[in-house]
Amino acid sequence: MKKIYCEKLNSNDDSYTVELINVDSEFAVSDNDLIFEFETSKANIEIHAEFSGFLYHNLNIGSEVKPGELLYIISEKKIDPFDYSLFSSNLSEKAVDDFSAYDEITFSKGAKELIKKEKLNINKILEKHVDEDFISKDIVESYIKNSPIKDEKNINSFKVSKIAFIGGGKGFTQCLDLVLKSNELIPTTIYDDAIPKNSNVHAINVRGGIDYEQIYKDFQEGIFDYFIVTISTDLEFRAKTFNKLTNLNIPSFNLIHPSVNLGFNLDIGQGNVIFSAVNIGPEVSIGNNNFISSFSNIEHHCTINSNCTFGPGVMFSGSVTVQNNVKFGTGVFCEPFVKIGSNSVISSGSIITTDVKKNSVLISKFDQTYKPVKPKND
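So for the sequence shown, my numbering puts the first residue at 966; every next one is plus one.
Just so you know, the hints here were simulated from the structure itself, not pulled from any lab data. Remember, predicted model here, so these are calculated numbers, not experimental data. For each residue, glycine too, the CB sits at the ideal point set by N, CA and C. Treat each hint with caution, since some may be false.
Said to hold, decoys possible - Straight-line distance between alpha carbons at most 25 Å, and here's what the computed DSS-like set of lysine-lysine pairs gives:
| no. | residue 1 | residue 2 |
| --- | --- | --- |
| 1 | LYS1077 | LYS1031 |
| 2 | LYS1209 | LYS968 |
| 3 | LYS1330 | LYS1341 |
| 4 | LYS1330 | LYS1292 |
| 5 | LYS968 | LYS1081 |
| 6 | LYS1205 | LYS1135 |
| 7 | LYS1182 | LYS1209 |
| 8 | LYS1205 | LYS1127 |
| 9 | LYS1162 | LYS1209 |
| 10 | LYS973 | LYS1102 |
| 11 | LYS973 | LYS1082 |
| 12 | LYS973 | LYS1074 |
| 13 | LYS1031 | LYS1102 |
| 14 | LYS1292 | LYS1304 |
| 15 | LYS1042 | LYS968 |
| 16 | LYS1102 | LYS1082 |
| 17 | LYS1043 | LYS1077 |
| 18 | LYS1042 | LYS967 |
| 19 | LYS1304 | LYS1323 |
| 20 | LYS1341 | LYS1323 |
| 21 | LYS967 | LYS1031 |
| 22 | LYS1182 | LYS1162 |
| 23 | LYS1330 | LYS973 |
| 24 | LYS1081 | LYS1209 |
| 25 | LYS1102 | LYS1162 |
| 26 | LYS1162 | LYS967 |
| 27 | LYS1209 | LYS1292 |
| 28 | LYS1182 | LYS973 |
| 29 | LYS1127 | LYS1082 |
| 30 | LYS1127 | LYS1209 |
| 31 | LYS1043 | LYS967 |
As the list claims (entries may be wrong) - What follows is a set of in silico ranges between Cβ atoms, one per label pair, in the way DEER data are often shown:
| no. | residue 1 | residue 2 | range |
| --- | --- | --- | --- |
| 32 | ALA1159 | GLU1106 | 32 to 40 Å |
| 33 | ILE1151 | LYS1182 | 15 to 23 Å |
| 34 | LYS968 | ASP1320 | 47 to 55 Å |
Given only the sequences and the hints, what does the whole structure look like? Please build it.
As structure tokens, then:
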């Protein structure tokens, strides 16, 4: 039986309203199925199942949900009867204030103050430190640093830092170009399965293949300070690599060209690569590990989740929602309020006017006519 708690979905709201219940309690779901939709002050956020099994919840349309509360439970086998009293206690308050619920764990004074101030979910912190019986302020600060909820003032805020590139192909060349534009970032090493160990690409050493244990060891030894995933063609591998390294508490960062316009109240995660002449409007929410090419436009109140890649010139009107793992071609136009489901592919030249279901390929068909060039008369 797996318990899933509500995470903080943006930096402004302390609660969210249930707008849609797509799967009733006690019904079976598959991993990544849409189960709820929450209204926030920025945009509606889809909640997808994190596991397959039987879903249990006590939500209704209009219910208020707070970060830290028990959101739903998934069981491999059907539970009959199910004990709905599991949802009765206010887990949001317990997650923030009731440290006595964790009598086997000692929290430092600084850790307690920071958890209360940031309204953090204690369970989520403990998930990343299962062997710890003492939670210090440093541990909490590390958790916040790697959390997807960030303040726009902290974007690319570094002392001089050493950067590791995951992938040494064409995407690496693009990312290296951004790194070289910063006086605070030092390109240090590359990890790539297809390039011989100890060779060089643009004078940057290839330390070896994408071996997560070795990468973690190198990070612990101070070989690099931050990583960035440069692979943009294989979204599944891009997501897997980012998640593996993040779960090892190796920090990533946002690599953003200085010409990018960042609107106010931007809510952005980590590991995003944003190239030149991109416009991001106000009240936009961007998740983790996205790759956004030049001359793209993400207008006001749009929500981009995680692990998406954008070709050059992707143009969104306001209030567009994009779920995880979506690949956009070049020159895509999207009408306002459109929702694009996860694991979809949008072909170049598409004009999106209606919602796109998950696991879809949107192909725009158009004809091109070729005519021979008439020779000039002498």
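Going down the list of hints, with the structure as the test:
| no. | hint | result |
| --- | --- | --- |
| 1 | LYS1077 <-> LYS1031 | 19 Å, holds |
| 2 | LYS1209 <-> LYS968 | 21 Å, holds |
| 3 | LYS1330 <-> LYS1341 | 34 Å, violated |
| 4 | LYS1330 <-> LYS1292 | 18 Å, holds |
| 5 | LYS968 <-> LYS1081 | 22 Å, holds |
| 6 | LYS1205 <-> LYS1135 | 19 Å, holds |
| 7 | LYS1182 <-> LYS1209 | 14 Å, holds |
| 8 | LYS1205 <-> LYS1127 | 23 Å, holds |
| 9 | LYS1162 <-> LYS1209 | 22 Å, holds |
| 10 | LYS973 <-> LYS1102 | 20 Å, holds |
| 11 | LYS973 <-> LYS1082 | 13 Å, holds |
| 12 | LYS973 <-> LYS1074 | 23 Å, holds |
| 13 | LYS1031 <-> LYS1102 | 24 Å, holds |
| 14 | LYS1292 <-> LYS1304 | 14 Å, holds |
| 15 | LYS1042 <-> LYS968 | 14 Å, holds |
| 16 | LYS1102 <-> LYS1082 | 12 Å, holds |
| 17 | LYS1043 <-> LYS1077 | 38 Å, violated |
| 18 | LYS1042 <-> LYS967 | 11 Å, holds |
| 19 | LYS1304 <-> LYS1323 | 10 Å, holds |
| 20 | LYS1341 <-> LYS1323 | 53 Å, violated |
| 21 | LYS967 <-> LYS1031 | 19 Å, holds |
| 22 | LYS1182 <-> LYS1162 | 16 Å, holds |
| 23 | LYS1330 <-> LYS973 | 41 Å, violated |
| 24 | LYS1081 <-> LYS1209 | 28 Å, violated |
| 25 | LYS1102 <-> LYS1162 | 39 Å, violated |
| 26 | LYS1162 <-> LYS967 | 41 Å, violated |
| 27 | LYS1209 <-> LYS1292 | 21 Å, holds |
| 28 | LYS1182 <-> LYS973 | 31 Å, violated |
| 29 | LYS1127 <-> LYS1082 | 31 Å, violated |
| 30 | LYS1127 <-> LYS1209 | 20 Å, holds |
| 31 | LYS1043 <-> LYS967 | 13 Å, holds |
| 32 | ALA1159 <-> GLU1106: 32 to 40 Å | 37 Å, holds |
| 33 | ILE1151 <-> LYS1182: 15 to 23 Å | 20 Å, holds |
| 34 | LYS968 <-> ASP1320: 47 to 55 Å | 31 Å, violated |
Comparing the model with each numbered hint stated earlier shows that hints 3, 17, 20, 23, 24, 25, 26, 28, 29, 34 do not hold.
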